[in-house]
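Kindly produce the complete structure, drawing on both the sequences and the hints.
Residue numbers (numbering that gives the first Met the number 0), protein chains in the order written: chain A, 0 to 243; chain B, 0 to 243; chain C, 0 to 243.
Nothing false has been slipped in among the hints.
Since copy identity is lost for identical chains, a pair holds within one copy or between any two.
Distance condition first, Cα-Cα at most 20 Å in a straight line; then the derived SDA-like pairs of lysine to any residue: (1) Lys-106 <-> Asp-73; (2) Lys-6 <-> Asp-118; (3) Lys-231 <-> Pro-144; (4) Lys-106 <-> Ala-62; (5) Lys-6 <-> Ala-117; (6) Lys-231 <-> Glu-187; (7) Lys-6 <-> Leu-115; (8) Lys-231 <-> Gln-188; (9) Lys-231 <-> Pro-147; (10) Lys-231 <-> Ala-143; (11) Lys-231 <-> Gly-184; (12) Lys-231 <-> Ala-140; (13) Lys-106 <-> Val-16; (14) Lys-231 <-> Ser-241; (15) Lys-231 <-> Glu-205; (16) Lys-6 <-> Leu-32; (17) Lys-231 <-> Ala-139; (18) Lys-6 <-> Ser-119; (19) Lys-6 <-> Asp-29; (20) Lys-6 <-> Val-36; (21) Lys-106 <-> Asp-15; (22) Lys-231 <-> Ala-242.
To be clear, the hints were calculated from the coordinates, so they are not data collected in a lab.
Nothing here was measured: the structure is a model prediction, and the numbers come from that model.
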Amino acid sequence: MTMKFEKAGRVRVAPDVVYEVAPGLGHFTDDVLFGEVWSRPQLSPRDRSLVTVAVLVATGKAAQTGSHVRRALDNGVTAAELGEIFTHLAFYTGWPNAMSAVTETRKVFEERGVGLIADSEEAPIELPPEAEAARAARVAATVAPTAPTLAELTDRVLFGDLWRRPDLTARDRSLVTVAALIAIGQPEQLPFHANRAMDNGLTQDEASEMLAHVAFYAGWPRAVSAVPVLEKVYAGRTAQASAR
Amino acid sequence: MTMKFEKAGRVRVAPDVVYEVAPGLGHFTDDVLFGEVWSRPQLSPRDRSLVTVAVLVATGKAAQTGSHVRRALDNGVTAAELGEIFTHLAFYTGWPNAMSAVTETRKVFEERGVGLIADSEEAPIELPPEAEAARAARVAATVAPTAPTLAELTDRVLFGDLWRRPDLTARDRSLVTVAALIAIGQPEQLPFHANRAMDNGLTQDEASEMLAHVAFYAGWPRAVSAVPVLEKVYAGRTAQASAR
Amino acid sequence: MTMKFEKAGRVRVAPDVVYEVAPGLGHFTDDVLFGEVWSRPQLSPRDRSLVTVAVLVATGKAAQTGSHVRRALDNGVTAAELGEIFTHLAFYTGWPNAMSAVTETRKVFEERGVGLIADSEEAPIELPPEAEAARAARVAATVAPTAPTLAELTDRVLFGDLWRRPDLTARDRSLVTVAALIAIGQPEQLPFHANRAMDNGLTQDEASEMLAHVAFYAGWPRAVSAVPVLEKVYAGRTAQASAR
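Structure (structure tokens):
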């Protein structure tokens, strides 16, 4: 791509077409999103890539997936982790989104000479037994009576298989899950997964910074609507910690 | 497509690219989604196809529409019913989704030698007068004062024309409507339409099984968020039945 | 495109493929949506185009963007306004939607001989100081404690830069924001933006008529769910006016 709209000392990411049709969008893309947000130290470039890819998959943005898969690889996300993110998000945002992401990513993998991805041979992730028992009890009480098949699959497949796969760490699974839930505007499951994310090692500062990042890729309203939910989660954890 | 990742005794649906990029997704697609869920007897293959197509249209997944239109035809959904599902979902999930579905489906119809679809010549569906009067009264009370045009179109076009078209049964219209509402995460209209679906012949067991099916195509969060809504609908119907 | 399904005295917009696959959809497109809704005088064709483009961008319908960009230009929306709508909606519905809209629109601009869009040289829009102070105070109280980066960007970039850009009037910014919020099913921010829209000159009759228009492009459920929100906004403004 040619760079007609170059400006000294500025990251230049927006393609010419953006400046030609929507110069304001070029300005905000290069001066704010890439000139500022992506390089804020409060969230690592690798995490920003995990979050961005999760949002793109969750909202079905196949057209932007390729370029952000490239960026993710550059930022240290491995090809195997990307594949597992799509697997994980198939469950959290639907099969079609994952399938389209796979198709777009295959092109990048070919271009980069990435070979076939194999299942990890590490041991499965062990879920903390107490938390896992509480989770299962909640599903048994709230989901099983109305939707027995969904409850059974949740226990056996989602938490009995997917979340134990060693191909992506528990912390990264949590991060992409939380980003996806915010992006699709589904606050009901956010308290559970935000708490789980912090149990899995995500800090409150990272979670807060992630909100600002998600705002750019899923829109301000989705991020702003998640604020009171995270606020309560933080308060709950503070209360819990001080009760100890 | 070649089948490099064959495994004895297993349904094999996921294309090679899925195994190459996201082997976990291949595993869950073939071992769980198609190896298990699609063949569960609690919901017929035809109903599963109706639900899947409805979710794909509702969430705008044009890339996956063609293959599931083929599967729907194989599972006994007629071409005319498919066309009418798109017509129905234009109203419930927006014109653009329906237009894209039509474009993708035209290719499959050509490939299968399906000719032009004509309007059904059956008599219009008669809506139960009492329920229809209650519905109209609710629109007059809650929608008309704030949004008169929307209320007028709801009465005259949506329920006065669309829902009476004989090109799709009332029960199937209800099924695709409910699946679409769950998939787009819009719970407000779900109680009305879940009740209407059961009045139109959908059983509670089918509705519950549908939730698990929708989970795969629209993501777990959408399905889980619909559980408490369905729970209340079931409880309301039980209370009503025992009051008789 | 050929016009096999011509009918005397009717606007004919739906392409043949719609009649071939889903004749009902052809009927509703030509007899209701374009034969009736688009020409209702309660909302100008230019406003209907603003609303339609906003819904298409907000819901990521790239396939339909080109034809409605053409219609918008025909209805008096300028090319520069279109570019700025994409810039605006990048913030409200996410960068990927805006980027895809830009790509589709570039093709139409080339076809129409539209040259490069330049930033407006008008003075920035002045936001009413009292309302702006109230807004900032609300962000400081409700967003900043939990999500400081999001709060800072909201003040400095969203309201300190975007909303002051003279490339689109405050009233049109409000109209596309409200249409987008309804289309994505995000009611939490709707009261603030519906009030702002009316402060910026949108009438209640226009807002109500817009709901019916949005119903066709984002689906009935999104529009119906916005009704009680608008109802409260109208009531609040009436109470406020009579208290003066």
